[in-house]
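> Sequence:
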Amino acid sequence: MVGLDIAPSYNGFFPPPPPVSGFLTDVANSTLLGQRKSRRRRGKRAGVQVKFRLLFRRGLAGKRRQAFLVTCAQTTCSEVNLFPPSLLDCAKPGLMRSCFLRSVHPDSPIIWPAAPAASGIYDRYGSNPQFLRPLKRVSVDNGLTYSSLSMALLNARSMTNKTFLLNDLILSKKLDLLFLTETWQRDGDYSSLIELCPGGYSFVSRPRTSGRGGGLAVVYRNWFHCRSLMVEKMSTFELQLVKIGIKDPCYCAVVYRPPGPKSQFLKEFSDFLSSILKLSRLLIIGDFNMHIDDDSDLFARGFLSIMDSFHFTQHVSGPTHTKGHTLDLVFTIGLTMDCISSEDIFISDHHCIIFNLSFYLPPPPERRALSSRVLDSSTAAKFSEVFNLVLPASNDVDLLTNLFNNYCLSIIDNICPIKTRLAPVTKPSPWINDSIRCLKRVCRKAERLWRKTHLQVHLFNLKDLLVSFNSSIRDARAAYFSNLVSRSRGNPKVLFDTIRDIVAPASAAVPISSNEDCKNFLSFFVEKVSNVRSNISPSMYHLPVPILIKPVIFERFSPVSLPELLKLVSSMRSSSCPLDILSGSLLKNVSESIGPSVLKILNASLLSGQVPVYCKSAVIHPLLKKPKLDPSLLSSYRPISKLPFIAKILEKVVAKQLTNFLDEHNVLDKFQSGFRKAHSTETALLRVSNDILMNYDAGECTVLMLLDLTSAFDTVDHLILLDRLNHWVGVSGTALEWFKSYLSNRSFSVATSKFKSAVSSLAYGVPQGSVLGPLLFLLYLLPLLQLLSSFSDISYHCYADDIQLYISFRPPDFSNLQILQSCLDSVRDWLAGNYLQLNADKTEIIVFAPEKFVPHVVKNLGPLASYIKSSIRNLGVTFDTALTLDTHVKSLVRFCFYHLRNIAKLSPIVSHSELEMIIHAFVSSRLDYCNSLFTCLSNASLERLQVVQNAAARLLTKHHKHSHTTPLLIQLHWLPVKFRVQFKILIMTYRALHSVAPTYLSDLLLSYHPSRSLRSCDQGLLVVPHTRLKTKGDRAFVSVAPRLWNSLPLSLRSVDSVMSFKKQLKTFLFKLAFG
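FYI, the UniProt record's numbering numbers position 908 of the sequence shown as 908, with every residue one higher than the one before it.
Quick caveat, the hints were computed from the structure, so don't treat them as lab data. There could be a bad hint or two in this list.
Here are the simulated DSS-like pairs of lysine-lysine, each with C-alpha atoms no more than 27 Å apart in a straight line [what the hints assert, rightly or not]:
(1) K890 x K233
(2) K173 x K427
(3) K243 x K233
(4) K905 x K961
(5) K625 x K247
(6) K756 x K419
(7) K445 x K493
(8) K961 x K1071
(9) K463 x K174
(10) K243 x K278
(11) K842 x K978
(12) K440 x K842
(13) K677 x K440
(14) K600 x K493
(15) K173 x K243
(16) K267 x K243
(17) K869 x K628
(18) K173 x K445
(19) K616 x K756
(20) K247 x K852
(21) K628 x K243
(22) K628 x K670
(23) K427 x K528
(24) K869 x K852
(25) K588 x K677
(26) K958 x K869
(27) K519 x K247
(28) K905 x K427
(29) K984 x K1066
(30) K567 x K382
(31) K588 x K567
(32) K869 x K463
(33) K528 x K616
Pair by pair, the computed Cβ-Cβ distance ranges are [what the hints assert, rightly or not]:
(34) D708 x Q786: 53 to 61 Å
(35) S270 x H920: 20 to 28 Å
(36) S575 x H920: 40 to 48 Å
(37) Q818 x R1028: 41 to 49 Å
(38) S576 x S507: 46 to 54 Å
All residues carry an ideal CB built from backbone N, CA and C; glycine is no exception.
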């Protein structure tokens, strides 16, 4: 006998067991050696082997037959040994024990424990396992566990009103992965998926591509390491390719095919299958919208033929739609699948396809031990009551710092010791209460009743109960978050954390599970900076800028008084660092008690010129750069530096005194707007756009180049920086010694909750996350800005390390463009000599010129022509070649409506005042960002922005979308967008006239002085320059600001404070807007 052929009886729902041949056949059919086959008597057909052979010949698709095999496999060890493993693989792997064969020979190397005999089995009807040869099993030792994953496929047909039903489906079926098609998810809308995911689950999704139907999502357990892969966009079907696992991964392709061209779909899908031939373990799953149950359907037959030619196996049979057709399909190659079934869950017109997939996975995560101090409202009072330290009179800052830290540590250990607790693996759902659990039981009861009777009245009752169940959970969840916000009223952090939990997907956890992972991050960050510096050749650089020797203007720091210290600490934002003995919030609460001790440490550091070693240590925490990046790659993370709070206090004192000296002696460059008081990205862009518009109005073309540096703050050379401080700024004496101590012997490490790397020295770079770091970087760039000023035909503007170079010329003279190349070469050489490097990938050029001159500009730019773009993003604002900002308005409107849709989901759980704060934070702030440049906008673009504001007003006041908005804006006291632009320009004009704005804006405004005595000579008017073009010169700041200023009444122009001017100006514009 060669084997049993059971393929004809395979019904498609379960994979057929492997054919039995050789000695396996003998196991199933042999009798005891040396014994005559017993004649079976009537009425004795209930033997185990009899049933087994009978079921084996009929096929193993039925549920009762599968349950019988599982029962046989779990009865006793001896009974399991009756059947070889290959015959029992058809049973559910998760429910079967491992079975082993016992040895025949005494000297066999495989020893199995003896099993008790089962009476009536071996001696009468079965094979005696004592005569079977043992088989060696191959063990796979790769740190993974072979397990059966429970998966499901469902066409949701909009998951918006079914999120909690799908959540219950995942929990009740104990699904590991849920594949969803037709989610109807909008781009950037994650709130429904967040509601859908139970604790311990995450998702990857692909929004729908059109206005109707579509949308794919995969919900998975957090520890599965699922990642969405980039695939080519298809025209006839939607596709999401997901990689599951890291060491031995498999790939899942989720497909949704909308009704459409059939032949084109077959061609595109064949091309897709050809592109993934290298994937040996693949699952293709989804809604294909074809009737494969209809043998006369040529389209379905052609599709199945294609899948068969690629050796895919289709596992679904029977209807998957309420109308009786098979639309949802599951294909596999290189994977083992079993227990597949179709079940109607009454929330869609498609059935839910549930199946098991055998797969190697890492073990589930264990509960993490978290150690922390529990601070309460009484902690600060208890600490202040006990604290009575008096530091000795000494200039040894390290000694004073250690005494202070040790004393504080002893007190905090007594009143607030460290406690360790186990964090839950999954995040609980605290809004699930007893009434919801009771309603769930009622739904289950109604479902059992319908499956028993199949009456339509019972089906309608079940669907009504499911809708009520979903609504109850939604209301309970909203009530929970509402109570959470109301209990923390006045705390913006709790409010915005709640918003993030509701509308934003959870960020990927940093893959740190050991000290070795921290070490890998540390090595990566160190090597990244070392590689940048190694690519720089400073020996090739010849210094074109002379070294300036400034008179000594800053020799020593002034000691700080206790009132100044307390005022400074109270104004600082609370922050935390693992190196803190006292957290930032606790230190601020006990500042009056510890103030004298902290003051003694600070003054000792300032007067001695030494920085405590404790203040020169930092802890690095990796942060994912963008949500869409691969979290398993180290290059996807940026280092976030955290310093002790006392170190920030010391740096704040030094920065304040140094800034006062820099402002007093005008050390910083006029066109450097980064990290300076009264300077911002808006003032920088306002000056650049004004110059471009006025040059265009004068008949000149302009070429704007944006430069960016690679890891600029991390590659700063300490010796060169100290030379800048000494020769370019004039710092000397104990002040220079303090900066030498500040930059020397700095260290940092990578750490998380309980894992930490070794300490590494910081040989170069200014400390990121520090207060002084940005200011020192500006001083480091002083010679570069002087070099740029030597090119008279080139204008420049800088915001920290973002450099803008622009040159204007009249169209016949294109030879001036060569100066731009010469300037760029000089900049590149200077950067190389100072261990800085241009980021070529972020270098961009845009041309502002009439269309007929653009080819000539491109030709004369030479190698720089490859950097030309039609639009560029400049400090958060998108510039186009006509400077109409249409592209910027389009993206701004789309982004604002995305936030408004999310905020609409929050309106039931927050109060009116909190909702208004959220709208201002997420929408109004974006409408106001750099809106002084919106004088370039057309009326159509302004109207689009006004539509956004109107939608926000309707949302806040809970009015219908067709309601008139003018009364709403009056009620909310909101200025329309057009008048908000005028409000911003007039505020900047007032600041510029009163010397509280950058000088490069003040230089654009000229006071009106008539040549003869007129009544207008003392009216505080401004000169309006003559312009040619309404769409260029008339929209520049130098032209718009004087016109708006001169239109104000004299009483408003004569106000003596900024705050009074703001209040009166808003009242004036409000009356002007609404009469």
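> Next, verify each hint and record whether it holds.
Now the hints, each set against the structure:
The suggested pairing of K890 with K233 holds, with an alpha-carbon distance near 23 Å, which does not exceed 27 Å. Under the criterion of a C-alpha separation no larger than 27 Å, the hint pairing K173 with K427 is consistent with the structure, at around 18 Å. A threshold of 27 Å between alpha carbons decides the hint, and for K243 with K233 the separation of about 18 Å falls inside it, so the pair holds. For the suggested pair K905 and K961, the alpha carbons sit about 16 Å apart, so the restraint of at most 27 Å is met.
Restraint check: the Cα-Cα separation between K625 and K247 comes to about 25 Å, which is no more than 27 Å; the hinted pair holds. With a C-alpha separation of about 19 Å, the suggested pair K756 and K419 falls inside the 27 Å cut-off, and the hint holds. A C-alpha spacing of about 43 Å is found between K445 and K493, which places the hinted pair above 27 Å, so the restraint is violated. Restraint check for K961 and K1071: the C-alpha separation of about 26 Å stays at or below 27 Å, so the hint holds.
At roughly 22 Å between alpha-carbon atoms, K463 and K174 fall within 27 Å of each other, so this suggested pair holds. Straight-line distance between C-alpha atoms of K243 and K278 comes to about 14 Å, which keeps the hinted pair within the 27 Å bound. A C-alpha spacing of about 33 Å is found between K842 and K978, which places the hinted pair above 27 Å, so the restraint is violated. Of the supplied pair hints, the one linking K440 and K842 is violated, its CA atoms being roughly 55 Å apart against a limit of 27 Å.
Distance hint between K677 and K440 is unfulfilled; the C-alpha atoms sit about 60 Å from each other, more than 27 Å. With a C-alpha separation of about 33 Å, the suggested pairing of K600 with K493 is violated against the 27 Å cut-off. The hinted pair formed by K173 and K243 meets the criterion: a straight-line CA distance of about 23 Å does not exceed 27 Å. Under the criterion of a C-alpha separation no larger than 27 Å, the hint pairing K267 with K243 is consistent with the structure, at around 24 Å.
Distance check on the hinted pair: K869 and K628 sit about 25 Å apart at the alpha-carbon level, within 27 Å; holds. Straight-line distance between C-alpha atoms of K173 and K445 comes to about 16 Å, which keeps the hinted pair within the 27 Å bound. Proposed proximity of K616 and K756 is supported: the alpha carbons are some 18 Å apart, at most 27 Å. Between the alpha carbons of K247 and K852 the distance comes to roughly 58 Å, so the proposed pair goes past 27 Å and is violated.
Proposed proximity of K628 and K243 is supported: the alpha carbons are some 14 Å apart, at most 27 Å. Restraint check for K628 and K670: the C-alpha separation of about 39 Å exceeds 27 Å, so the hint is violated. At roughly 36 Å between alpha-carbon atoms, K427 and K528 are farther apart than 27 Å, so this suggested pair is violated. Restraint check for K869 and K852: satisfied, since their Cα atoms lie roughly 17 Å apart, inside the 27 Å limit.
Of the pairs offered as hints, the one joining K588 and K677 holds, with about 25 Å between alpha carbons and a cut-off of 27 Å not exceeded. A distance of roughly 43 Å separates the Cα atoms of K958 and K869; the hinted pair therefore is violated under the 27 Å criterion. Only pairs whose Cα atoms come within 27 Å are accepted, and K519 paired with K247 is accepted, the gap being roughly 21 Å. Of the pairs offered as hints, the one joining K905 and K427 holds, with about 22 Å between alpha carbons and a cut-off of 27 Å not exceeded.
For the proposed pair K984 and K1066, the alpha carbon gap of about 10 Å is at most 27 Å, so the pair holds. About 23 Å separates the Cα atoms of K567 and K382, which keeps this hinted pair within 27 Å; it holds. As the CA atoms of K588 and K567 are separated by approximately 10 Å, the hinted pair is consistent with the 27 Å bound. A hinted pair counts as satisfied when its Cα atoms are at most 27 Å apart, and K869 with K463 does not qualify at roughly 56 Å.
For the hint linking K528 to K616, the alpha-carbon distance of about 21 Å falls within 27 Å, and the restraint holds. At roughly 20 Å, the beta-carbon separation of D708 and Q786 lies outside the given 53 to 61 Å, and the hint is violated. Remark: the range hint 20 to 28 Å for S270 to H920 is contradicted by a beta-carbon distance near 53 Å. In this structure the hint that S575 and H920 lie 40 to 48 Å apart at CB is violated, the actual value being about 24 Å.
Between Q818 and R1028, the C-beta spacing of about 28 Å breaks the proposed range 41 to 49 Å. Roughly 18 Å separates the CB atoms of S576 and S507, a value that falls outside the hinted 46 to 54 Å.
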